[in-house]
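Engineer: Chain by chain, the residues:
There are 2 protein chains.
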Amino acid sequence: MRVLAFLDGTLAAPDAPQIRVDDLGLLRGDGVFETVLVTGGKPRELGPHLDRLARSAAMLDLPPIEIAAWERLCDQVIGEWSGSPEFVLKLVCTRGIEGDPSATPTAFALANEVDPKVLRARAEGVSVITLDRGIDPGLAERAPWLLLGAKTMSYSFNMAAIREAKRRGADDVIFTAADGSIFEGPTSTVVLVRGRTLYTPPSDIGILPGTTQAALFRSAEKAGWTVKYEPLRIEDLYEAEGLFMASSVRKLTRIHTVDDRALPDSKAVYGELMAAYEGEY
Amino acid sequence: MRVLAFLDGTLAAPDAPQIRVDDLGLLRGDGVFETVLVTGGKPRELGPHLDRLARSAAMLDLPPIEIAAWERLCDQVIGEWSGSPEFVLKLVCTRGIEGDPSATPTAFALANEVDPKVLRARAEGVSVITLDRGIDPGLAERAPWLLLGAKTMSYSFNMAAIREAKRRGADDVIFTAADGSIFEGPTSTVVLVRGRTLYTPPSDIGILPGTTQAALFRSAEKAGWTVKYEPLRIEDLYEAEGLFMASSVRKLTRIHTVDDRALPDSKAVYGELMAAYEGEY
Chain A
1 MRVLAFLDGT LAAPDAPQIR VDDLGLLRGD GVFETVLVTG GKPRELGPHL
51 DRLARSAAML DLPPIEIAAW ERLCDQVIGE WSGSPEFVLK LVCTRGIEGD
101 PSATPTAFAL ANEVDPKVLR ARAEGVSVIT LDRGIDPGLA ERAPWLLLGA
151 KTMSYSFNMA AIREAKRRGA DDVIFTAADG SIFEGPTSTV VLVRGRTLYT
201 PPSDIGILPG TTQAALFRSA EKAGWTVKYE PLRIEDLYEA EGLFMASSVR
251 KLTRIHTVDD RALPDSKAVY GELMAAYEGE Y
Chain B
1 MRVLAFLDGT LAAPDAPQIR VDDLGLLRGD GVFETVLVTG GKPRELGPHL
51 DRLARSAAML DLPPIEIAAW ERLCDQVIGE WSGSPEFVLK LVCTRGIEGD
101 PSATPTAFAL ANEVDPKVLR ARAEGVSVIT LDRGIDPGLA ERAPWLLLGA
151 KTMSYSFNMA AIREAKRRGA DDVIFTAADG SIFEGPTSTV VLVRGRTLYT
201 PPSDIGILPG TTQAALFRSA EKAGWTVKYE PLRIEDLYEA EGLFMASSVR
251 KLTRIHTVDD RALPDSKAVY GELMAAYEGE Y
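Those protein sequences? They're chains A and B, same order as listed.
For the first sequence, full-length UniProt numbering begins at 1 and goes up steadily by one.
For the second sequence, full-length UniProt numbering begins at 1 and goes up steadily by one.
Hints are supplied without guarantee of correctness; some may be wrong.
Identical chains share a label here; the pair holds if one copy fits it or two copies do between them.
[Stated by the list, open to error] Below, a list of computed lysine to aspartate or glutamate pairs in the EDC-like style, where the Cα atoms sit at most 16 angstroms apart:
| # | residue 1 | residue 2 |
| --- | --- | --- |
| 1 | Lys-222 | Glu-272 |
| 2 | Lys-117 | Glu-98 |
| 3 | Lys-42 | Glu-71 |
| 4 | Lys-166 | Asp-61 |
Please keep in mind that the hints were generated in silico from the structure rather than gathered at the bench.
Produce the complete structure using the sequences and hints provided.
Structural biologist: As structure tokens, then:
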């Protein structure tokens with residue numbers, strides 16, 4: 001089951017060609033996206049997702065995102081959906097056709113089933129390796145043209161990093177700086193547990209502000225946890241009492257192994273955090 | 001005038017939708033490309049372009065590029081072309097459809113007229129600014145998952161850098177490292193002239209090996225120039241007797257201004273180098 005609609009309300013066949021070869025989203029990865037989890041007919045954290053889409057679009061000098069129009073588009077696609085009660089809604093906005101000065105963005109929403117591999121990762125946890133992201137924590141502020149912290153469609157190196165992890169027998173990646181600072185996963189935010197405190201790196205070092213991580217922090221605080229945005233280092237991962245990847249579709253995924261080091265069993269903490277998080281919806 | 005054909009020989013309408021929304025080239029910028037200049041019915045440096053396409057594809061773990069099939073595709077599209085004698089041939093190969101384990105790459109060639117802005121840049125030269133690329137010269141070797149030196153479709157930051165140049169009143173960009181090393185332009189190779197020697201940075205620092213720069217070096221050597229692959233620094237640009245951007249469609253473009261500093265008039269050197277370069281074809 002899949003549903004595709006464009007921002008103007010046109011429903012279209014997801015298995016048929018819909019995009020021109022000279023769309024800059026294709027030729028240059030020049031566009032922005034969001035991935036939203038829909039459960040029981042409701043898109044989770046839609047406001048933060050659309051705010052982040054708007055922020056990414058602004059970083060790329062794309063035309064402003066009209067939040068209300070995207071909300072209508074999401075409503076429409078969710079209304080057309082007749083598959084599983086939990087599904088994925090991908091929102092995409094590209095710069096449009098190359099060389100056309102009056103080009104308007106190519107903007108669509110695509111609903112799709114959750115990948116079974118994601119369901120398995122949620123249940124079983126994952127192993128990760130740390131890989132050098134090649135940037136320093138001050139770069140995002142110094143060089144905004146590098147688009148660090150924008151959710152662009154130029155994700156080929158994120159995909160390459162995950163392939164590198166699989167080559168090394170792991171499932172996923174946590175990116176680090178040369179100085180040992182922790183950034184983020186290729187498609188997730190890092191959350192670390194120490195005592196009754198949750199930690200995640202501050203987004204101004206050039207990482208994507210996590211919508212799922214923010215929702216988790218909000219609900220965990222209500223449940224009595226302390227939450228902190230603080231720089232983390234590789235050694236912190238190795239000594240974590242609990243380590244998680246937060247992302248919309250995977251929700252909170254337990255990391256049981258980092259760089260071949262087994263972490264302490266965090267199933268109890270995971271259960272507690274997930275209860276708080278799911279209580280939000 | 002435009003001509004589009006897919007690698008299987010299918011001709012298609014370039015102004016009609018041809019690509020699915022779930023093509024990974026679109027969703028993730030996950031693919032590779034080349035841009036070839038065709039003059040008088042002949043693609044320039046097609047061998048080096050296809051070799052580089054194959055190298056980029058290998059860096060992305062894409063299926064091997066079948067050189068002979070791409071040569072046939074280029075022949076076909078060039079045969080169909082009835083526009084200007086000089087035109088642009090773009091070659092694109094993406095990872096194909098998301099989530100399909102038997103997905104084959106989406107592979108096509110698109111012929112298009114040369115952008116008039118490029119013709120003006122060739123005639124008048126350009127002004128550039130230097131911008132931090134945020135990486136160090138050892139990173140490419142240390143972190144191959146970052147795909148430095150692969151010509152991927154994840155080019156959104158290259159486009160953002162050029163927009164930043166225009167905001168600052170310049171035409172284009174030369175990327176630098178934090179230590180002042182020179183990398184490349186967002187879509188070009190840097191060539192510097194000092195006396196009777198041409199310099200360009202070595203590609204193993206994480207830049208794309210330039211097909212046009214290589215052809216220029218080959219022809220300039222025959223014409224008595226010395227050519228060197230050596231690290232360059234920002235100060236070298238400011239003190240250059242001649243400074244050029246090499247790329248397939250712009251050929252060799254004079255840089256008359258770097259970071260608001262006017263360079264010496266290099267029209268004579270440009271004329272000499274262009275005579276050698278054009279003598280190849």
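Engineer: Indicate, hint by hint, whether the structure satisfies it.
Structural biologist: Comparing the hints with the structure gives:
no.: 1; hint: Lys-222 with Glu-272; result: within (12 angstroms within a copy, 73 angstroms between copies)
no.: 2; hint: Lys-117 with Glu-98; result: between (36 angstroms within a copy, 14 angstroms between copies)
no.: 3; hint: Lys-42 with Glu-71; result: within (12 angstroms within a copy, 50 angstroms between copies)
no.: 4; hint: Lys-166 with Asp-61; result: between (35 angstroms within a copy, 12 angstroms between copies)
When the structure is compared with the earlier hints, no violation turns up for any of them.
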